[in-house]
Structures are given as structure tokens and as C-alpha cells.
Amino acid sequence: MKDLKSKSDSQLVVLALKNQEKFEHLVERYEKKLSRYIRRITGLDTESIEDILQESFIKIYINLNDYDSDFSFSSWAYRITHNEAINYLRKNKKVITVALENDDEDTTNLIEVLKSEIDIEAEISQKDLVERIRKAISLLPDKYREVLILRYMEDLNYEEISDILRMPMGTVATTINRAKEKFKLIAEKMHLNS
Amino acid sequence: MTKLSTKILEKIRKEKMIPKSRYYFILMHTLLGTAILSSVMIGGIAIAIVIRHLTLTDWELAHQFTGSHIRSALLIAPYIWLIFIGISILLADTLYKHTKKGYRLKLWQLIMTSVILSFVFGGTFYVTKADKPIEFSLSKKIPSYAEWKIKKAQIFVAPEKGVIAGEIIAIDEDEKMTIVDFKEKKWIIEKGEMRSRNEKPFEVGMQVGIIGETTNHEHFKAIRIAPWKQDFRPGNWQQLNIRKIPERNF
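Which chain is which? The protein sequence lines are A and B, in order.
Under the working numbering, read the first sequence as residues 1 to 194, first letter to last.
Under the working numbering, read the second sequence as residues 1 to 250, first letter to last.
Don't read these hints as lab results, they were simulated from the structure.
Built from N, CA and C at the ideal position, the CB exists for glycine as well.
Among the hints, a few may not be true.
[Stated by the list, open to error] Partial list, derived from the structure: chain A residues whose beta carbon lies under 7 Å from chain B:
no.	residue
1	Glu24
2	Glu28
3	Met167
4	Pro168
This is chain A alone, in the form it adopts within the complex (with noise of 0.2 Å):
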């Protein structure tokens, strides 16, 4: 068990294609992180989250033999994640809404990346902030808030986040930027500025 934490995901993957058993392994190491981005990109109840994560790894396990370990198995192992909770919404009609948590440090991540984009009103709280800007990323479109909730809360980098929504990594820059341009404008309507 202690030999198997030390192996890299690739090795994980062909273990796992050698015995089911050892998917447990892949579940344990990634469980966590995509939980945590579903519940992000989408603000979704336990429940639905737990089912969404589910199926996304049974589509790995299912799959297992499709991954190319010239991309990272997080980026495959995202990729898939991202696709089932965006099937799971159009499924069932739900709407997207933000989950960010006062003191969360990913979160605290994202907003002061989105706060140095703005002036903030001087006598605004720390929470009152946290719930306007958290408005504010719920009111982006839905690529805008993925490439932000990629970059400045999940931590990844322009390769990565170009390997999870398939697009080149200008184009995942300029996305980041507009983002910021956008969350700006709804700042701005929202008064968030000073």
C-alpha cells in the first residue's frame, strides 16, 4: 500500500488495467481535487457532486486504455470530470451557482486576484465582499468562470487548463484575461468599485 502511494499515475494506470483492485488507488489520489472542482464549477448539493464524480470515474476506469501519458493523468482525469458535471447540468437543467468559502485558501486565491482587477469600496467587510464577488463570477459565462476556477482556485497551469477545455493555450490566456475584463464590467454594475 505505502509502495503504491509512491507510484506516479502513469504506473497507477497500468496497474489498474492489471487489477480493478488497484483503481481504489487512482480513486483515493484524485477523489478529493475533482470533488472539490465539481462542486466549484457547478454549486451543486453533495449528493449530485457524489454522483457526478462517480460516473466520471467509471469513464476513466472504462477508458483507462485510452490514456495517452503524453498528457498529465490529472489533465485526463479533469477533462472527463469537467464533461460529466457540463452533461450532468444540461441533463437535469440546473443552474450553475458559486460556491467559494470565506476562508478557503483557494478561494482567498481567486479573489485577490479578481480584487487587484478593482478598487474596492474602503468600508465593504471581508464577507459582504466574498458574497458580491461571488455574485459577480456566478454572472460570467460559463467559460469565463471555468478558466478563472482552473487557473486561480484548482492552481493549474495554461497547459493543463488547455489540455482540460481542449482549446489552444493563447487562446487560454486570452479566455483568463477577458475573464477579468468581464468581471470588471459586472463589478462595475454591481458597485463593487469605489
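Since the structure of chain A is provided, determine the placement of chain B on it from the hints.
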């Protein structure tokens, strides 16, 4: 083992799920690759056919007919094949986007790559004349395609604009020719002050494009006679089984 991993493994066991075979994915990727390559090659054939149409065009005759090079190009352009090139490039791009790394190229890079590849294939097909049997076969199997080619040739039967094209049916001792144009009208061709000399001697059965002017309803005074280079030959009509040239009783 966490609760979720237990649940997932239970489901996998219960439903007897197994990963799809490696060969399934190899087959899928090969099919996709073949579809992309076929699409680019079909585009290449279309390009070869366009190049052939353009190089075999009697541009001097077309200029006489339209009065300008741009109008000539617009008249001559084989639009069917140009549309076909566009579709094949678009199809190749769409298919390529579905490959594993297809999204890494920007749209313009993708289009440029398939255009360049199509032209490389097109040039190769043109040089090796691989397009010829394909176009001939199309003319044979698709009557409307053959009709389209006939109609394109018939454009150049416009004596009022100083051009006619047709087949030589007789040459007398004074080198006076009789031709049947592509609309099946007989003309006596008299040579006026000729602009250029034909390298090959004219003979019966040869097809020619003539610039000049009508002197009466069945006489045409030529100032230039050149061989008709297009693949289309009324002689092919019988071969193509589209329409037969009526018996000529002159």
C-alpha cells in the same frame, strides 16, 4: 479504502465493467486518421482538377469573349470543385479537432496546415495526372457532371462576340476549314490576317477555338485558330453515353 472508492469498485464488479480494449481505441484513432487523410486527399484531387481546368483553358478565347481577365477567371472558375475544396478542408479541420491533440492548433494554423497539405497533394496529383481518370469516370457515371462540362464548352460558341469552338470536319485544298461548333452548327472558316501560326497542322477531327468575326450566317473569318485543349471533346459524348452527335449530312 474510502466510501466512494468502495462504491465505485462495487459498481464496477457488480456490472462486470472492464476497460475498453486498447485495440478499440487504436481502431477509432486509425479510422479518424484515415478520414482526415481521405478528406485532405479528396481536397487534393479537387485542387488537381481545378489546376487542370485552368491550365487547359484557352484564355485568349475567354478574354475575347468577356473583354477582361477578371471576368474570364470568373467565367472559367470551376465553382463545383472550388466548393468541394472548401468542404474537404472544413471537414479535415473538424475531424482533426477530434484527435487527441487536435485542439492545440489555433483555427488559422489548422486551416493553413490543411490548405498547404491539400495543395501538396493537389500538385502531386496534377503532375502524376491522377485526377484525369477520376474526372473521366465522374463524367461517365454522373450525367449531370458531363452536361455541366458540355455547357461550359458551349459558352465559347458565341460568334456575335467573335469566338467559336468546335470540331474540324473538313479541310479543303485552300486550307479552308469546315467545323461543327459545340452547339452543332456548321461553319465555314476563312483565314483572315492570322495573329499566330499553329505548331501542329490542323486535321479533321481536331477541336479548335477560333477568334474572328462572322461574315454571314455560316461563314466566319478567323484571325486566330488554336487547338481546344480541354478534356471535353464532343467525340466523348458517344463514349460517355450522354448524347450522341447527330448524323452530319453536309
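Structure-based check of all given hints:
For A/Glu24, the interface hint holds, since its Cβ comes within 7 Å of a Cβ in chain B; the closest pair sits about 4 Å apart. With a cut of 7 Å, the hint placing A/Glu28 at the interface with chain B holds, because the nearest CB-to-CB distance is about 6 Å. Because the closest C-beta pair between A/Met167 and chain B is about 6 Å apart, less than 7 Å, the hint holds. Of the supplied interface hints, the one on A/Pro168 holds, with its beta-carbon coming within about 5 Å of a beta-carbon of chain B, less than 7 Å.
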